[in-house]
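Novice: Protein chains in written order, with numbering that gives the first Met the number 0: chain A, 0 to 339; chain B, 0 to 600; chain C, 0 to 350.
For lysine to aspartate or glutamate, the following DMTMM-like pairs were computed, each having C-alpha atoms within a straight-line distance of at most 25 Å:
| hint | chain 1 | residue 1 | chain 2 | residue 2 |
| --- | --- | --- | --- | --- |
| 1 | B | Lys184 | C | Glu43 |
| 2 | A | Lys56 | B | Glu452 |
| 3 | B | Lys478 | C | Glu56 |
| 4 | B | Lys478 | C | Glu46 |
| 5 | A | Lys64 | B | Glu415 |
| 6 | C | Lys80 | B | Glu253 |
| 7 | B | Lys478 | C | Glu37 |
| 8 | C | Lys38 | B | Glu102 |
| 9 | C | Lys38 | B | Glu98 |
| 10 | B | Lys170 | C | Glu56 |
| 11 | C | Lys80 | B | Asp241 |
| 12 | B | Lys467 | A | Asp55 |
| 13 | A | Lys64 | B | Asp436 |
| 14 | B | Lys58 | B | Glu267 |
| 15 | C | Lys80 | B | Asp242 |
| 16 | C | Lys80 | B | Glu245 |
| 17 | A | Lys64 | B | Asp465 |
| 18 | B | Lys595 | B | Glu98 |
| 19 | B | Lys382 | A | Asp69 |
| 20 | B | Lys58 | B | Glu142 |
| 21 | B | Lys170 | C | Asp35 |
| 22 | A | Lys227 | C | Asp247 |
By construction, these hints were calculated from the structure, which means they are not laboratory data.
This is what each chain is made of:
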Amino acid sequence: MAQPVTLDRASQKDVLLTTKRESLWQDALRRLVRNRAAVIGGVIILILYLTAIFADKIAPYPYEKQTLVDQNKVPAWMLKVFPTMQPYAKISDKYLLGADYVGRDLFSRIVYGTRVSLTVALIGPLISLFIGVIYGSISGYFGGRLDNIMMRIVDVLYAFPGLLFIILLMAFFRSTLARPEPGTFAYSISQLDARMGGMLFIFIGIGLTAWETMARLTRGQVLSMREKEFVEAARTIGATDLRIMFRHILPNIVGPLVVAETLAIPGYITTEAFLSFIGLGVNPPTPSWGSMISEGAQVIRTYPNQTIFPALALAITMFAFNFLGDGLRDALDPRLRGTQ
Amino acid sequence: MRTKFFLLISVLVLASLVLGACQPAAATPETIIQTVVVEGTPKEVVVTATPAPAAAGPKVLRLNMGPGDIPTLDPSLATDTSSTQIIEETSVGLTRQNEETAEVLPGMAESWDVVNNEDGTQTITFHLVSNIPWVRWNGKEVEQVKDCNGNPRYVTAYDFEYGILRTLNPKTASDYAYVLAFAIKGAADYNGGKTEDPTTVAVKAIDEKTLEITFTEQAVYNVNIAGMWVAHAEPKWLIEGDDCTEARGDKWTETGFFQGYGPYTLKEWVHDSYITLVKNPFWPGLPSVPVAKIDEVTWTMLDEVPAFAEYEAGNLDVAAVPLADMDRVKADPELSKQLAIGPVLCTYYYGFNTKAKFVDDARVRRALSMAIDRQSLIDNVLKGGQEPAQWFSRPGLTGAPTLDKYPDLGVKFDPEKAKAELQSYLDEKGLKVSDLDITLMFNTSSGHQKIAEAIQQMWKEYLGLDVKLANQEWKVYLKTIRDPQATPQIWRLGWCQDYPDANNFLREVPTKGGSANPAEGGGFNWENPKYEELVVQAARETDPQKRVDLYAQAEQILVYEDAVMIPIYWYTRVTVTKPYVQRTFSVLGGLEHIEKWDITQ
Amino acid sequence: MGRYIARRLIYLLVVLFVVSAITFGLMHAVPGGPFDREKALPPEILENLNKRYHLDEPLLVQYGRYMYDVFIPRITSVPPKGSVDDDFLITVKLGNVWFKWMNFGPTYSSRSRTVNDIFRQQLPVSAQLGIMALLVAIIIGMPLGILAALKQNTIFDYLGMSVAIFGVSVPVIILGPLMIWIFGVTLKWFPPTGWGAKPPFVLGIFPRDLSPEFFRYAIMPSVALGLGSSAIIARLTRASLLQTMREDYIRTARAKGLRESLVIVRHALKNSLIPVVTILGPLFAALVTGTFVTEVTFGIPGMGRYFVTSITNRDYPVIMGTILLYAVILVIANLIVDIVYAYLDPRIRYD
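Kindly generate the complete structure, drawing on both the sequences and the hints.
Specialist: Structure follows, in structure tokens:
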């Protein structure tokens, strides 16, 4: 873009100080890579996504394969970890982490379960960030009557209890689309949902209820930012609203947003677990960590392996997302630009 | 700035102080949010949902009811086992089932005369036990209820008449009124709103000790129905009020108001938390309902898993065993000794929509039914020692066939024969197994899912047939399987006894217009005149053996010849009981007769 | 300020109206009714039940009836009857007339109770649990976040944040049974299940007696419920404090030669609280209403169960009641947050 050199850029001292000019994002990336924890987190997430994509290559058994005689069997090493299982556990080393109540390989199911949890972890934040940030920044930036109206709308939507709303929505979707006529839109939607193991409506439900938090947070941040001196300065020299928004305000508030969003990811994943707990989760026999944990929690005293390992998978994912989120926050903080 | 910050902090601190130190020192002034404080409610506060075991002193039994509040203690309105469990302890019907044999014994009626009328109806005259008082818990002890003249109120035939008519009153909107509506002459018209005159119902208290009921059919189970909770005596003065009693309406069953006359009476009902019954010292004891030995019984309202934890912590005396923990319990030297598996009069089954594609042929249905290895399902998935069901009416019901007399009746696991049946169908239609597109639907629940997944696997293994699974949320599911258009090919349901007679299963469920076979379509979508004739004939048959024979013939049509349903298993209950509890084991779907239990220590 | 609050309260009415209309429409659009049972009811019985609960009327009439019962106060000389149809949340005797307001209707699943009974007997338990959990979350979360921020990139930071992440990634579904097993059954430190207070409650919320026994019952569920939220608070505190510490005025304060502890307490902490406070409102509402799993796991007689079972049972009045209640709690919680917000950051104005 052929832009005249504007003074507002000069008002940011780091530009003056850096000899080699970098874009915000290049700089952020550079600093992200230096953060070891974030890199590890990123690598774990990458591995998890690869696992999700190549689940059928990695898993030793199909996730739905039942072998009734092998139910609840555990490999021999498990008894060393959980000695309480000694008196009753049946041993079979065919299964890496043991088999579940109908003799399905736990490891394979955890591997396939990656698909559900990581898709939720990807789509949930995307939907809520996309809608929430746009909505919140418009409202916060322009303020006044527009802000008032927009925030009242959010408040109304916000006043719906998210989970209840999801439950109602899912019951509504699943039942009204239970048996549509072939060829209709409803039919293709329900086919898509069936192919996704019932995940589609979970996404829609979560997406429709999650963005309002983001919008409120964004607005709050924008509100406090737009009073800042450098924004005032940019405005006085005639920068456009869009430019102020994207160039000055968003980079300054992206930290808290990213943190909030990475913090929300566990929420999305546990929402799926909760829905499984009350019987509205993914369709059986599609495995998800949430459904495995909530089923396993019933046997936590007898066969702890059936819930500990999916929970471990969940915890590792959480750690990875959090470390990456922290790294992103530090990297995106404009006041840290050029440092380190 | 600083002050504001500290203000905030102090607000936070204050909030926690308020929380931490909120003593109810001052009496709450004119509470705006109305709280139902019942006169005579004991004032002690500490809730011990699970009181410590009493060494000497009163004998206290601690049980668990299952999650969620008890829906009602009103006999006219009860539909579920939690409610009826309490009702059967706080009041007694004209007749009373023996909980271990399901036999019908005299209850509040010590004897009765049966007269078969010429018009096909039957009049039974019940002679009531006298001098059984109404009682209530007054906050300190159980006391007799007095009438306006200060005399004790005794249970009379009028109270029973009132109870039955109140159940039938359409304004009461009782779910289970239909049992009485079909059985008692004139009751259907009154309950259905065709007449508003309750005297058209053939229930008549002749005097305080005599109640006359005319039934529409000359059926042996009429005395069963007369003993059901919906026909218990009810305190009219308390519900509707009289000169000296305030009307309590819907709330008459709450703590402090409640009046009953059974071996126990209500002491405290903390909704969603626990309910406590206390021994009724004025209960004289009847041959079928002895005087209670245990002074107080508390039921908590916990899920199975936390309840079992409480049992292991020593805070419950009896608990159901979560099936997931069975392996551990069986291996545990202590728990395994406390384990008991008892029958329950319920059947788990899959039904066919007999008009739906592919399953509209009895051979396919038989094949699917015979290809289920029920024993393996029980041993590997259910684990509760359930019995493989060969037919629908669970043995133990009056009139139901038993396995020792009819070992070969109905369906059994037979993969060879199943395959042959399916092959004969495929050959006739010129189809391959892979052409069959069959869906099994159940309501969303991990329990049903485990069973469905295991059965799906069996069909694949023994028939080479891929059956699809689908599930819907419970209420949506119920609509679907009763919808003439939408009923899936195979669906799941269960049935538990309302009264212990095969009639309750074989006539009230699969006949046209029955519970699982709606007249307007859906459900089984099935009608077989021969079957209908058999069950009606059996209802009227008085010779017990001939009756069983008739029901056996009906079963053969239902589960084999027409094979409209796949009986899967007969229910059992797996419980652990502390060794110091002397108890009976009820077969009545969890309905225990606590008055026969004792605690020895 | 007063005008602002008044306006927000009026606006609460609008929210309630919209929320009730959408909920009412949605719940009736979901197939299946309250009286669809495993044992199908004969049509005559169904008709009696529908008539009893006015479900035979057109939907619009039902909605109108509901809104009338809930929102329009009555003044009558007839004392309240014992009927579940005549149970008003606010019933005050004024001389010889009765002022009655807010009848949320009977519940279908319990024939002798009303939605108001649930509000009186179950809601306080959930509120107690929610407040305790929020306190747990703040007590654990804030110091952890502050410590982590002040000692950024040290072992305290990593350890603290790991604890926080652990808290959020182990859901109550696992934590509950695990705690019951370890502290309830094996060590017997706490009662495995139950709640140490029962109705009636002081001021409609507080237990009548705050004995050690109450806390013995409350500790495990509060920690199980609050731990996840403590992670949210810890991480938000950390992030926000780190950001504040880099502000110019902190630098100025330091340059003035103020002691570091004074800088942190007087300047940094206060400003870094803003995002944390933002989240407390919704968090509180979520804690009060999101107690289903905790309540089921620990056998607590709260409202959480009704949020879920009312929908699965199609218990229409309870669905409406719980959702409206949630809306009220949330709007008021957010209002309080906004006021605190203005306190903390005077640059925010009410326009």
